[in-house]
Amino acid sequence: MAAPAPILRMSGIGKQFPGVKALDGVDFRLLPGEVHALMGENGAGKSTLIKVLTGVYDIDAGEIELEGRRVAFSSPLAAQQAGISTVYQEVNLCANLSVAENIFIGREPRRLGRIQWKKMRRRAEEILSRLDLDLDVSAPLSSYSLAIQQMVAIARAVDIDAKVLILDEPTSSLDAGEVAQLFRVMRRLKEQGIAILFVSHFLDQIYEISDRMTILRNGTLVGEYLTSELSQVELVGKMIGRELADLEKLEGRPPAREAAPLVEAELLGRTGAIEPFTLTIHEGEVVGLAGLLGSGRTEIARLLFGADHAGTGALKIDGQAVSLRTPRSAVARKIAFCSENRRAEGLIPDLTVRENIILALQAARGWTRPIPRRKQDELVDKYISALNIRPANPEQLVRNLSGGNQQKVLLARWLILEPRLLILDEPTRGIDVGAKAEIQRLVAELSDGGMAVLFISAELEEVLRLSHKVGVLRDRRLVAELDNDESLTTDRLTETIASGAIS
Amino acid sequence: MTSVTGLLDLRRTVPQKYIPVMVTAGLFIAMFVAGGIRYEGFATGQIILNVFIDNAFLLVVAVGMTFVILTGGIDLSVGSVVGLSTMISASLLKDGWPAFGVMALVLVIGAVLGLGMGAIIHYFEIQPFIVTLAGMFLARGLCYTISTDSIPIENSTFTAIAQTRVDLGGDMWVSPSVLIALVVVLAAAYVLHYTRLGRNVYATGGSEQSALLMGLPVARTKIAVYTVSGFCSALGGLLFAFYSLSGYGLSAVGMELDAIAAVVIGGTLLTGGSGYLLGTVLGVLVLGLIQTIISFEGTLSSWWTKIFIGLLLFAFILLQRLITARRR
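Same order as they appear, the protein sequences are chains A and B. Residue numbering for the first sequence follows my numbering, starting at 42 and increasing by one per position. Residue numbering for the second sequence follows my numbering, starting at 3 and increasing by one per position.
Derived by calculation from the structure, the hints in this document are not laboratory data. Backbone N, C-alpha and C define an ideal beta-carbon position, used for all residues, glycine too. It is possible that part of the hints are untrue.
Claimed, not checked - Cβ pair distances, simulated, as ranges:
1. Gly313/A / Phe298/B: 42 to 48 Å
2. Thr147/B / Gly313/A: 56 to 62 Å
3. Ile128/B / Glu522/A: 52 to 58 Å
4. Thr353/A / Ala121/B: 53 to 59 Å
5. Pro219/B / Pro411/A: 44 to 50 Å
6. Arg171/A / Ile128/B: 42 to 48 Å
7. Ala121/B / Arg148/A: 25 to 31 Å
8. Leu320/B / Thr353/A: 24 to 30 Å
As the list claims (entries may be wrong) - Listed below are the simulated DSS-like cross-link pairs for lysine-lysine, each with C-alpha atoms no more than 30 Å apart in a straight line:
9. Lys357/A / Lys375/A
10. Lys159/A / Lys19/B
11. Lys62/A / Lys423/A
12. Lys160/A / Lys19/B
13. Lys279/A / Lys92/A
14. Lys19/B / Lys308/B
Kindly generate the complete structure, drawing on both the sequences and the hints.
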């Protein structure tokens, strides 16, 4: 099959930020009717390439051609008008407006300045039906799930006569069913000849949907490959520039030692959040929690951290009954919680790495006893090198770090407190394979050192690789507690999640 | 139990977005019926029309406030701008200016004040609360540079408007101010529902960040709502001048709070993005009817009005909280 002429061609793209060469001589092309994955670790230059393409940044070198014509966009709006639309990870729509309005606002059908609501609704329905979606277009967007909202964003994007659709991590907060629905829509758009640029950290999804991929590393082009001709192991090797040995090393974890129980939850529950559950976490044990989004994983973590009040049941720490009324009392008992939402609930982007790391320790000491600067530097340096935070500059603002490194800063903040139980809620979501492996290795080391870890992740392989014991959640109920032995596989976990019983 | 299932049925048949407005409408009807049962001569059409007559200026000011609150902002300057408008009108009329020239000038001054505050809020990214607080002091202070005393208005056009009765038949009448206020309400409702500006107001209130990324003119929208509010305050000031036939630096002190209360009782979310103009009209009516009931009661001091408004505000803020919590 002769390849059609590319609709978009970027050649020799270079982009310089103060002190960093973000892109250096990158070539990229996009064919009509293909899904093209852009791969690379965090900081490899994926976002920069997208931002250069959509006119958020200027380019310092190279040129962009759209349909054979040289273009340079001054703003995302200009790119949109030329036919390049972007849908970001966070849904950038107004949830208070109706579905139809969200598709059309800014270019509503009008007559004499009067918005024609009927026509707008009818056209919205047409556009959505092209994407195989049947929605009540006059209902507010907030009445639909995040996945549907994302698809409405796509509908808005393609209605602007899009030739190129950029999907920047659209799947990171969707569950499996929703991802399948999104992929159906993507295939439909592909048939219509739209070129789709897809960014995702989930390798399985890349292999399911994409036809071709371009790999970047450290701002340079590694190469362009057909997805069908590149194995996952080769792909990861090319992305991180080294073999997967690091990941493999974790296989074959030593079984948890028989240790004293650290935290015992007995019929702990909270109405509307999680059904009463019983769970014991031993010292040095990694307990994984598996289940779909919204199955109650985070709710368990919040109860154990005192962020929510338990309605029923009892909690024992070290055999002593306690009631955790606030996170403060949990911290006092050496429990730490890295929340799922690191941007909103954890890190303070405008403070430096050092300030962010020192925050929890300072809070535990109280504001009247500031930690001496020398002690701060000592601690922060230790954790920056232990966790391999890059750039290794404690005075860097956290907002300038990549997702994986932000996650490590958050981890460092809690590790400094030397917790006995560390609760990690989706610590590896949205970060690249290299950083993921580092965090996983760290969890293993910590537990070998006697720290108990409650590990929550949507990725079953990860849960399986790290945990000694896996709790399975379904519909806000802890349905099973499985020992991680030879017989436990991701298939069996999936089945348990699906059926709600131990198979 | 039956009331609970009744409420559930209601929620299934009526879209959730209309519930706050319907609650306010229900409250208004209940107050009217209760008043009719308790007091003789209460349940007449003229009672409601009197509420309109006595609150036409508040209604106009509240319309402007609705625009601002829908974008998630607040305008504390409206009461002072009302006061300033009455002062400017009264003093210029005393100097022999023509009535319509005065009206036009006052409206322009109000709109320009609003425009200025909107521009400062947007371009310097300062909290609307602070900027309009400054505007409030500024406008109030300007009143006293004109005069510290009350200035009577004796202009023939103004007195004619003040004394005209528009008969509606059946012994019922309204003042021209009521008609002006209703025109403002209808025009504003049209703008909010049927024009791009109106939809951009809702979008900006829903999520300013998203509105920007969707390519909407957020800057223009935000500045426009404060201009609208300034214009409405000035118009409200003119209506207040018709109503009181005087200009006084202390008039309409605290009216911004009445306007905000009316908007909130009308079901508009203070966080922006949700609410209807009909709700604001009902909010003003509820506030007015409370005053009427208290004057009918006779023995209660007028401070009871404030107490009831306070209680109502608590109730409605809690209601909004419940509705938004359920939506999540």
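Hints, verified against the model:
no.: 1; hint: Gly313/A / Phe298/B: 42 to 48 Å; verdict: holds, 46 Å
no.: 2; hint: Thr147/B / Gly313/A: 56 to 62 Å; verdict: holds, 59 Å
no.: 3; hint: Ile128/B / Glu522/A: 52 to 58 Å; verdict: holds, 55 Å
no.: 4; hint: Thr353/A / Ala121/B: 53 to 59 Å; verdict: holds, 56 Å
no.: 5; hint: Pro219/B / Pro411/A: 44 to 50 Å; verdict: holds, 47 Å
no.: 6; hint: Arg171/A / Ile128/B: 42 to 48 Å; verdict: holds, 44 Å
no.: 7; hint: Ala121/B / Arg148/A: 25 to 31 Å; verdict: holds, 26 Å
no.: 8; hint: Leu320/B / Thr353/A: 24 to 30 Å; verdict: holds, 27 Å
no.: 9; hint: Lys357/A / Lys375/A; verdict: holds, 13 Å
no.: 10; hint: Lys159/A / Lys19/B; verdict: holds, 19 Å
no.: 11; hint: Lys62/A / Lys423/A; verdict: holds, 28 Å
no.: 12; hint: Lys160/A / Lys19/B; verdict: holds, 22 Å
no.: 13; hint: Lys279/A / Lys92/A; verdict: holds, 23 Å
no.: 14; hint: Lys19/B / Lys308/B; verdict: holds, 28 Å
Figure legend: structure checked against the earlier numbered hints; every hint is met.
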